[in-house]
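For chain A, the structure is supplied; the task is to place chain B on it using the hints.
So you can see what is in the structure, the chains are spelled out below.
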Amino acid sequence: MSSQVRFTDFKSDKQPTWCPGCGDFGTMNGMMKALAETGNDPDNTFVVAGIGCSGKIGTYMHSYAIHGVHGRALPVGAGVKMANPDLEVMVAGGDGDGYSIGAGHFVHAVRRNVDMSYVVMDNRIYGLTKGQASPTSREDFETSTTPEGPQQPPVNPLALALASGATFIAQSFSSDALRHQEIVRQAIEHDGFGFVNVFSPCVTFNDVDTYDYFRDSLVDLGEEDYDPTDREAAKEKVLDADKEYMGVLYQDEESQSYEQTHGLDSNMSDIDHEGAPEGAMDLVREFY
Amino acid sequence: MPADFNWAIGGEAGDGIDSTGKIFAQALSRAGRHVFTSKDFASRIRGGYTAYKVRTSTEKVRSVVDRLDVLVALTPRTIEENLDELHEGSVIIYDGERTTMADVEIPDGMIGLDVPLKSLAEDAGGAIMRNVVALGAACEATNFDIEHLDSSLKKRFGDKGQALVDNNKQAARLGQEYVQEEYSDIEFDYDLETTDNDYVLLNGDEAIGMGAIAAGCKYYAGYPITPATDVMTYLKGRIENFGGHVVQAEDELAAINLALGAARAGARSMTATSGPGIDLMTETFGLVATSETPLVIVDVMRSGPSTGMPTKQEQGDLNMMLYGGHGEIPRFVVAPTTVDECFWKTVEAFNLAEKYQTPVYLAADLAMAVTEQTFEPDAFDMDAVEIDRGKVVDEDTIEDHQTESGGFKPHELTEDGVSPRAFPGTEGGAHMSTGLEHDEQGRRTEDTEMRVKQVDKRNRKVETAREREDFSPREFGNPESDNLVVTWGSNEGTLVEALEFLEEEDIDVRILSVPYLFPRPDLTEEFEAADEVVVVECNATGQFADVVEHDTLQRVKRVNKYNGVQFKADELADDIKETLAPDEGQEVEA
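Protein chains in written order, with UniProt numbering: chain A, 1 to 288; chain B, 1 to 590.
Chain A with its partners taken away, still in its complex shape (with noise of 0.2 Å):
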């Protein structure tokens, strides 16, 4: 059925409760629209989504969604990946989500290498909690909580990324529909952890960081003579103080994902036995 699906077969019929404007809208519309593309359906697509804005994904999306506990969405992901390869797993996340809370499954989620995508919608801000400073925040942005900025630096998820091992880093822009529905695309279709960190603007509590600044200032990286797969290029690029990229900043071609590496082919939700599987009597017998 795949080759009639649309990416409105993506939709559910909750409506957002996003705020007018919310760049999650644009995020999600690019998340639908390269799963259809990529030839996926909602019945072969599973969502983890995390918790905050980005969170509400899963109940937006139709497709077989799980929606986590805060910052562990990403090892959920992994597990529906290696139970199931036939799968199309997709990971959403915020920047608290996936930097804060969840920094450790981050950094572990792309030594794993699964092959599945993470997209975050990163927007420097905690939205749902009201506007507090968020991992990405920078450090003199004033929030209720940290009325003087933070005053430490803000994370650097492509860095970390990059540092950790990463076969796909890639950033994109939430209201630049077709660019970021390409580098969604391209994450599903690398052959491991596809990273995406998505600027999906909040209009309601960053001021800072918004449509027109990001419009702005990042530099993409498909209008360059840029080779993604050099990875002293990009380790010059995600450490580039002065200015933000869009686009792949690193792939690994040779990438081979945890299903080839630990040879997991099978949809492990099929038993075909009623008792117990042939050949236990040899678990038993190893006793002796």
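Keep in mind that a hint or two might mislead.
[Said to hold, decoys possible] So, partial list: chain B residues that the calculated Cβ filter (under 10 Å) puts toward chain A:
1. Glu206
2. Gly243
3. Ala249
4. Ile256
5. Met382
6. Ala430
These are calculated hints, taken from the structure and not from any lab test.
Backbone N, C-alpha and C fix where the C-beta goes; we use that ideal spot for every residue, glycine too.
Showing chain B alone in chain A's frame:
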């Protein structure tokens, strides 16, 4: 009481105590003797006192006792630590040439066998085999045919080549011959009889892992923690042969979330940890229950709270398993009572998890997890394993569980509280699942009516299970007795052996061992029929005693042990005797 024999090897961690003990235990098992082992170990890699004890008999043995007949002492402390258990005629094997053992004094009335373990081992090919020399000496002191040891050595070292096996056999013989020649004047009291039976020897962690594979578990995620790590070690390298996979997660939070993901994908999935890990998993535990995901979570309890005593016994996590998590969470808490029950209760845990779509805690404890015990192979009869996956719908049946507009209802309000399940990939089954309160389709709701309906639906599963499943306790002793002793978990074996000590003193008791802690059997009738009720458990506050008092509205007496060591049969018999008749006990003391 079967004519049992007690043997131990003790020394410093890193001395190869565990493997030597296991070789001897396996030799006994292969010679048709029943074995029950226990370990005393410290939370360190090298150094610190550690011991491996073996109790053996031609009849079934279910516990440890306070007696040691033969002790291989690799350090002076080994003797000190076991002084209470040694008795007149006990044999102590030691290496007087070892600097630390040079001035060792053998207590009066005991037999010291000074055997140059290291130099004899060197004669056989390497000092590393000195413990095997001691095993050979032990064979001589117990009239145990050394050929049984050979097969055990072959099992242990066979993979590393015949030469190594032969060297070890030789080392054992040098130890045996040394005792024969140097101590020919001693007549040893022991004569370890053998039988034609072949037993299997395994511990609780291994039985849990084996049960998981038998039950069709395909996915395990865990994080190393004493004393649960052996479950993971067992599964790794074995589950793959059955199409499964083991993941060592970055932490316990990831472990349960990985396992949750695999379970959502339709795999039979499990994680195992100990108390501190359960603390970390508790947040996700709530999500597992609310999203109605079948998952087996093993808690191999150890002494708490906090890091407590990681290598010591306790049953202190009961309250956490019964009540842990914010809000109200339907769950199963199943506690195996013996090593073989670790197998069967694991199989059952998977069926309960899937039939009722809710998490199942499997409550094991250190004493059972690291204890090896012999069984007839039939105790693990794979033909008796049954798999019940519950209400799984496929493409043909899914229409019965959809809304008019075609939305699947994974949280359908049903009479028995159990909804249909659709594995991802099932056409027409796509649905959302969440820890937020949700409607029948799994979509978030704050509708007050739906909230009540979903809470009731989830809790209804517990009532359904009470109607459909048999949660009876296991019963031992005299069913007519006025004295009722109740316990849970690994104390069962010890209690059953304590019966014999009690019988010797004309005290008769009825024993109920409760493997289902939630939902659990209603013991009101049994309590009312008894004059005295004593609850035995390895914790300080009597967590299970509290629970049964609440259930039955009847006060109970308590026997608690929480010094980090499991009950011993003779000691437990004394405790029960005193608790049943405290006045008599005082008179005896006076």
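Q | Interface hint for B/Ala249, Cβ within 10 Å of any Cβ on chain A | A | With Cβ-Cβ at 7 Å, under 10 Å, it holds.
Q.
Quick check on the hint: B/Ala430 CB to chain A CB, less than 10 Å?
A. holds, 4 Å
(Q) The hint names B/Gly243 as touching chain A; please verify it with the least Cβ-Cβ distance against 10 Å. (A) holds, 6 Å
(Q) Given a cut of 10 Å on the nearest C-beta pair, is the interface hint for B/Met382 held or broken against chain A? (A) holds, 4 Å
Q. Taking the closest Cβ pair, is B/Ile256 under 10 Å from chain A?
A. holds, 8 Å
Q: With chain A as the partner, please determine if B/Glu206 meets the hint condition of a C-beta pair closer than 10 Å.
A: Cβ of B/Glu206 sits 7 Å from chain A, so the hint holds.
Violated hints are absent here; each numbered hint is respected by the structure.
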